[in-house]
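*Asks:* Below are the chains, spelled out letter by letter.
There are 2 protein chains.
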Amino acid sequence: MISAYSERLLVQEVAPRDGLQIEPQWLETADKIALIDRLSRAGFTRIETGSFVSPKAIPALRDGEQVFTGIHRQPGVIYVALVPNLKGAQRALAAAADELNLVMSASQSHNRANMRMSCEQSLAAFADVVALAREGSTTLNASIATSFGCPFEGRVSAERVLQIVDAYQELGVDGITLADTTGMANPRQVQALVTQVLQRLPASALTLHFHNTRGLGLCNVLAAYEAGARRFDASLGGLGGCPFAPGASGNICTEDLVNLCAEMGLETGIDLPLLLQLSRGLPALLGHAMPGQVAKAGRNCDLHPLPAGL
Amino acid sequence: MISAYSERLLVQEVAPRDGLQIEPQWLETADKIALIDRLSRAGFTRIETGSFVSPKAIPALRDGEQVFTGIHRQPGVIYVALVPNLKGAQRALAAAADELNLVMSASQSHNRANMRMSCEQSLAAFADVVALAREGSTTLNASIATSFGCPFEGRVSAERVLQIVDAYQELGVDGITLADTTGMANPRQVQALVTQVLQRLPASALTLHFHNTRGLGLCNVLAAYEAGARRFDASLGGLGGCPFAPGASGNICTEDLVNLCAEMGLETGIDLPLLLQLSRGLPALLGHAMPGQVAKAGRNCDLHPLPAGL
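For the protein sequence lines, the chains are A and B, in the order given.
Throughout, this note's numbering is defined as the position within the first sequence, counted from one, plus 360.
Throughout, this note's numbering is defined as the position within the second sequence, counted from one, plus 360.
No lab work stands behind these hints, which were simulated from the structure alone.
Bear in mind that the values here come from a model prediction, so they are computed numbers and not experimental data.
Certain hints may be false.
Said to hold, decoys possible - From the structure, some residues in chain B lie toward chain A, with a derived Cβ separation under 10 Å:
no.: 1; residue: W386
no.: 2; residue: R476
no.: 3; residue: T542
no.: 4; residue: A545
no.: 5; residue: N572
no.: 6; residue: A583
no.: 7; residue: A649
no.: 8; residue: P667
Said to hold, decoys possible - Sample of chain B residues lacking proximity to chain A, with all beta carbon distances greater than 12 Å (derived):
no.: 9; residue: R433
no.: 10; residue: K447
no.: 11; residue: A454
We put the beta carbon where it would ideally sit given N, CA and C, even for glycine.
Only chain A is shown next, with the shape it has when bound in the complex (with noise of 0.2 Å):
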């Protein structure tokens, strides 16, 4: 049953880094640091503010170092930075970023469809950028893409899951995102995957990334969250996209999992009604409509008035 209401549930938003990976439309580095900027003052402890990948494989993130430098930095807001390799991490150093995000696929195929390496070359790859974060005080997280899925390879075994957790730990990285990249997972794999996880890591150490391409992403947060988790990624609108599901949701939205755990009586911290305004600006801002459901609406407190002539 669900359980343990009173706890509290960290939200990391993603917006700024997977909602815009692929968006077609160039959003202006001025555009970017102000929505970075706002989500700053919502309450946010977490926000993935950017990427420091090749300006050819993700031209829509090409402007790292400026988002980074051009933000105003709120206290008590860790701003994480992708990186795929050592020189994307000297970039994220040089930039000032507080976290570094590391990702690999668990299974080969999309691991060398995303990043033009096998699994071991990735490995033997984070060896290096952990020893230069190492050197400094930024802290390493360290992401499995298709933890639960691969839509080249379908189904990703705990078996596979629970060797790169261990590969990670061995790392010495700080923390672990299991990533349901294409929307793959459903609520009962993710409770027995995460159970397992969580025997080697603290929940402190654990973030799940989720995303919507099947409607499960909030089901599968509760389903985390009852085995234990409490880190989730969401992205602002539900911005974010499946390249494999042209018209599917992709990141789970930020306003609708906080909704959720307001109506619950999880503790989140975050302002929703400022988190309403700002997706209901993101249209405007992007050229089209958000797949985020609070946003159209409102919260239950919002009521509407009685038809006229009663």
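Knowing the structure of chain A, use the given hints to seat chain B on it.
*Replies:* Chain B alone, transformed into the frame defined by chain A:
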């Protein structure tokens, strides 16, 4: 914890009634019949087929008689008619509906807005319908709209809903539906209310009707399932809207629910590939996109080819 995966979940398809109810574009009677006939072959045991309300109130469903008399009935499928009053019940029985579904809201203001009468007047009118249905073999279901929240009044108390459950049972109905008419329920609330209602009714007599207005429809299904519920309404493609939330989802999407069940190992008996085929035909039929996700994303097992060059 989520348990009892081997149990069966009954899905009642409601697209032909609740789904079409507020469609602005008229769907020809022949198209409605063709849709219902195809749904009849997808494995559903219950289809909410039409309504016998005033054609002025719901013009989209003004052809209830023609639909009920035109469909090709499959053995084992119960064809349900929504009826607002005795006159509607007489029309539904004349059209040989297998089951009548009555509806009243838990909140007075929503019942007045929807039915133009008080809850007490609705209940009094239902007694005549029950007496009429008892003359034949037609079964009776009674729905409680706004069971979890009212768009005019806010949160609805469990006590109020239980009071109506008791009144319905005194009337002698065969089944009761708790409807989250405008998508205001949350999983914690659902679990608590379903647990209480199942102390009064067997699971075989209780249906849950969720809307996905705020993205929580499937979370609420799982919470209700956990609390012992086994019957759920859903609408092909997520067809159906919410008059108070333009652009937001309405009913939970049948194929998204069936896909969730399939991934979790819960039996529904429904042919998912056929359902996806039918759902993918809806945008052409109705002139707009549907909120359902799996029809866009495909099933997990619909794998993608590797990118060129790998």
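*Asks:* Now tell me, hint by hint, if it's right for this structure.
*Replies:* These are the hints, each one checked on the structure:
1. W386: Cβ of B:W386 sits 23 Å from chain A, so the hint is violated.
2. R476: Because about 8 Å separates B:R476 from the closest Cβ in chain A, which is inside the 10 Å limit, the hint holds.
3. T542: Hint holds; B:T542 Cβ to chain A Cβ min 8 Å, cut 10 Å.
4. A545: Since the shortest Cβ distance to chain A is 8 Å, the answer is holds.
5. N572: This interface hint holds because 7 Å falls under the 10 Å limit.
6. A583: Holds, because the Cβ-Cβ distance from B:A583 to chain A comes to roughly 7 Å (cut-off 10 Å).
7. A649: holds, 7 Å
8. P667: Since the shortest Cβ distance to chain A is 5 Å, the answer is holds.
9. R433: holds, 31 Å
10. K447: Given that every Cβ of chain A is farther than 12 Å from that of B:K447, nearest at about 22 Å, it holds.
11. A454: holds, 31 Å
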